[in-house]
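4 protein chains.
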Amino acid sequence: MLSFGCDYNKGAHRKILERLLETNEVPTAGYGMDAYCDEAKEKIKRQCQNPDAEVHFLVGGTQSNQIVIDALLTKYQGVIAAETGHVSTHEAGAIEFTGHKVLAMPHTDGKLMPDTVEHYLKNFYEDANHDHMVFPGMVYISHPTEYGTLYSLQELERLSAVCHEYEIPLYLDGARLGYGLMSRGTDVTLADVARLCDVFYIGGTKVGALCGEAVVFTHRNTPEHFLTTVKQHGALLAKGRLLGIQFDALFTDDLYFEISRHAVEMAELLKDVFREKGYPFFIESPTNQIFVILENQKMEAIKKQVEFGFWEKVDEDHTVVRFVTSWATTSEEIEGVRALL
Amino acid sequence: MLSFGCDYNKGAHRKILERLLETNEVPTAGYGMDAYCDEAKEKIKRQCQNPDAEVHFLVGGTQSNQIVIDALLTKYQGVIAAETGHVSTHEAGAIEFTGHKVLAMPHTDGKLMPDTVEHYLKNFYEDANHDHMVFPGMVYISHPTEYGTLYSLQELERLSAVCHEYEIPLYLDGARLGYGLMSRGTDVTLADVARLCDVFYIGGTKVGALCGEAVVFTHRNTPEHFLTTVKQHGALLAKGRLLGIQFDALFTDDLYFEISRHAVEMAELLKDVFREKGYPFFIESPTNQIFVILENQKMEAIKKQVEFGFWEKVDEDHTVVRFVTSWATTSEEIEGVRALL
Amino acid sequence: MLSFGCDYNKGAHRKILERLLETNEVPTAGYGMDAYCDEAKEKIKRQCQNPDAEVHFLVGGTQSNQIVIDALLTKYQGVIAAETGHVSTHEAGAIEFTGHKVLAMPHTDGKLMPDTVEHYLKNFYEDANHDHMVFPGMVYISHPTEYGTLYSLQELERLSAVCHEYEIPLYLDGARLGYGLMSRGTDVTLADVARLCDVFYIGGTKVGALCGEAVVFTHRNTPEHFLTTVKQHGALLAKGRLLGIQFDALFTDDLYFEISRHAVEMAELLKDVFREKGYPFFIESPTNQIFVILENQKMEAIKKQVEFGFWEKVDEDHTVVRFVTSWATTSEEIEGVRALL
Amino acid sequence: MLSFGCDYNKGAHRKILERLLETNEVPTAGYGMDAYCDEAKEKIKRQCQNPDAEVHFLVGGTQSNQIVIDALLTKYQGVIAAETGHVSTHEAGAIEFTGHKVLAMPHTDGKLMPDTVEHYLKNFYEDANHDHMVFPGMVYISHPTEYGTLYSLQELERLSAVCHEYEIPLYLDGARLGYGLMSRGTDVTLADVARLCDVFYIGGTKVGALCGEAVVFTHRNTPEHFLTTVKQHGALLAKGRLLGIQFDALFTDDLYFEISRHAVEMAELLKDVFREKGYPFFIESPTNQIFVILENQKMEAIKKQVEFGFWEKVDEDHTVVRFVTSWATTSEEIEGVRALL
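Residue numbers (the numbering used here), protein chains in the order written: chain A, 1 to 341; chain H, 1 to 341; chain X, 1 to 341; chain P, 1 to 341.
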């Protein structure tokens, strides 16, 4: 069975497991107050080229979104997001659970365009009734988006400028950040993200770790008593080292970038296969998710030998499916797909 | 440095790490829908001797308490707990965060006595104003308690009977359940817990795992759409297998009980050391936590060579300190303490 | 100054104040447990022609929406509403405040069409990922809508049927219900509303009362311990009689309908004035709110002599404005507008 | 039937109703943006002798507590209160509903003593684990308390000093504030309250109004966008004038104080009656609530002719009952009680 269903279907990159084994018997303080966490934080700050960055480790993506958004918003504020954003649709209402509305906006290929945000904010403050409305208190974007697409540096710069004009933070959900940074055509670096966003997270779960996300506040703007907030949300690990050790491994010898580059290369090869065989793409994704249109008959035929995801129907006879690559994808698997098509 | 500060200061039991390594490359479905989780659930059910049990894996203890309590309580209900209960004091308000009051009651050595609960419930329903009050919707106990103490079978039976009389569930927080079950004097088995409680969790984090707790609903009473509730609380792991594999290891060849028995034996040896040397205990704990009273001078003297926890002051010259054993404690470490005293 | 700004700009209908005066010295129980509340509830049930109806009085509209929706939804559910619905936009996030998402849908003249709802529900349950999404747990409509428009009996029947098919309640926000029932062209009666909806409220504040809304559960489906839920939301009046007495007056000798009919008649006269003078309407509203398009110059000119509401810009030179009538509107005021135009 | 059951069993003081009648036809802006509210606010500020005071009107007491506490607390904070405080026991969890814990402390005759608060705060910050606990973010007191007792000026000054030392606000629930200010022995004035508390409310509902409480922030410390917060909690009245007009009446010609003084005088007369007849008091209350111990036989005998409240059992044969006076209590009613005993 060829495995392209998602980027979280296997364990962890070998180097991460090895690091867990090596450090296993060393006693440390609990709750993330250990030397492994400290070391990992330093390495991440260095990669961000941002001495004012503050790093905190959390377990998962929805958890990170919920905690960061809840910690930064005032009680009467909501968060602006694309209607296709993960927080808008696929987190079971985790943001509303904390009392905050997701202010959903139209998207372009999964992206929230700067003009959309600016227009909304301008209108909001011009509306005489805005005291009866949810105040926009943050902008949420994902990069890569849920469609695998990427913001250009210019778009990020404009989003950042709009946010600063209206004095609300820009938050970037980087569940798959590595794949964005290693995408062939991108002009956005980790240092750019750490300069233009007020807070973002570097996804570990979907980029080779067993679990874990590194939340980065970029200008010493960690909310006061953030550890208590994490605890209050049920998200504080007693063995916080589990996250520190993994991110220490990911940010040693550029493992994080190597994993991401590999997955992107595999995705490019896979796109070549589809292109050669004449399959059209539903959307142009430059990262590790590929959205391709298959005839239903073909889809059914190959399904027994390759795992992929259903995305949506196109018409009676065609379907959009999603193929995802990861650190564990091999060129043999790509050849396997080629043979199948 | 001798290490008795807590039972979460090292990684995981070797067998757990080995199992993670062995299974690492096998692709599975995400979100806990994998064969490892299924297998672990079956093993736990068997140990519980309860075919109606339903098992769900979560990451941490506060998270489990928050989700179970929130999922079972109706919106206008609160949870009865000892004032020393973990949910009352050391979870940063994680229960109130979900809108529910913790109805704190007096304790006896950390235990919530059946009479206390019965008296409260009786009075509540007799009070003509109870419509203006928080309805008691659940009883929370921890076993072992925060003081390392244990309920007797008779106490558990009475608590269970009182809860059933008032038609509210009994929930047992088993963050350190193994140490309770392997305690020398206990008459409570895992099957008893699974028979008398409506829901409980088997703690993994503090009993040899990297992370993870196994929540058990004992009579097919998992709340509807529980996975959605877990997601809404930000607690659903994409790589749910991380929990399944660990619990599969813990419940293979009685590893969970072996780990627990070892820690309890080490604790008994350590208690012997303190007894021999004439140190009084603050409380009689039959599990892996020992609360002993030290002269401050002594405490300061040994602190450089042994790690332990501060509990509370007794008087100007004496302090209660906590020593904790785990799967990783060795008899050499016990001898080390003896030499120090 | 002619007063068409809103329907809550004066005190209460004279008969309501008289009734408050007459009953003022009579001692009663608190919290709505008085004979006036009982009497008013009976009268409302009679008008609803529904012996299974249960009536509860609350103070305001947003409060009623928040409490009814929170009381009926399970914790992981959200409420479907038109994107123009009051709960979607103008209640400052009062629904999200209680942890529930508003699932906003496209509208037609402010109305949520049955097909829209059916399509959404069908798709939701067909989506393999719906466990990661907010479950739709209720349908919210307002009648009249925020644009003054009305559902036809057939539309209400279809909405009701769709809700029943998917086993979720239909909730009707009747902040201005009287104006809908007394509209010239409507085929919807109060008995229809009480038959087709699972819960609705009869607005008092905007239909002649000082404050107050009558929430009606239509088939003995009041949520358990509803009084406690009301208290928990900070909405229980110590002097609950204030609401009972007012609704008793409103439902004595058809005062509620008389007030509503009067306002609708005044609105029809006012529409005639605008029509005669050649002003186009932004939307065809058959109730007490009129949305008319004025040239900006005209708008500025008359603004000093007549109060009305700004709605939205049409283009550089034209604006939609809202004129609202009420129990207190006089034909002299209508003539005043005619003179001005 | 003699009526001593509570102070909210009749309508409103005659002067309030008259004022509602006089102003009924005058059109105003909605949502409290009217001249009556403005005027009432000015009068209250004058009585507070505090030009920095900011006044906001809300409908009820639990609502005021919920909104003030939620608006002032940071998300990870709780509110310190006596275990007998209204927010601790009789508000159906309205505070926890907003995510905040009530940190319940021992009381003395219903009062939260300054030493209790200071001791708690000192210990909290000394506890090495306080990051895992709810942060104390406010002190709540009621004056008069739930037992009708009063703080001395010195006690209020000390509470205020402790709060300022720890930089948390002092909040006074004045549901029955008038009765406290007009108590014979008190040395606390309204100006003292407005000087020593950071926020408090002047109760209207239980002091002669139909409904309404005046929340006073004492040093221009109204939380930002407070109107939006009020709306979000479902507490914003469309006809805000209903509150403004009533408080304007209450603070015209000292009506508020006159009503309060009358009720206190009636209570003193009633206490004389009980004293003469040899009935012991359960607690010494200097305000409008009297807690007296009756033989059960006597209690049953008089119950058909006088309404009073059950408080608690003393022993098999005796019961504490509560008699409450108000603006509407007459000396004839006092004589009626004398005749009965």
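One should not assume that every hint holds.
What the hints assert, rightly or not - Quick list of in silico lysine to any residue cross-link-like pairs, SDA-like style, CA-CA up to 25 Å:
#, chain 1, residue 1, chain 2, residue 2
1, A, 303, H, 304
2, X, 122, A, 24
3, H, 304, A, 314
4, A, 15, A, 52
5, X, 15, P, 17
6, X, 304, P, 24
7, H, 15, A, 30
In case anyone wonders, no lab produced these hints; they're calculated from the structure.
Hint by hint, here is what the structure shows:
1. This hinted pair does not check out: residue 303/A and residue 304/H have alpha carbons roughly 62 Å apart, beyond 25 Å.
2. At most 25 Å may separate the alpha-carbon atoms for a hinted pair to count; residue 122/X and residue 24/A exceed this at roughly 50 Å.
3. The suggested pairing of residue 304/H with residue 314/A is violated, with an alpha-carbon distance near 69 Å, which exceeds 25 Å.
4. Between residue 15/A and residue 52/A, the direct Cα distance comes to roughly 29 Å. Violation of the 25 Å bound is thereby established for this hinted pair.
5. For a cut-off of 25 Å, the pair hint linking residue 15/X to residue 17/P stands: about 14 Å separates their Cα positions.
6. Distance check on the hinted pair: residue 304/X and residue 24/P sit about 23 Å apart at the alpha-carbon level, within 25 Å; holds.
7. Note on residue 15/H and residue 30/A: the hinted pairing holds, with a Cα-Cα distance of about 22 Å set against a maximum of 25 Å.
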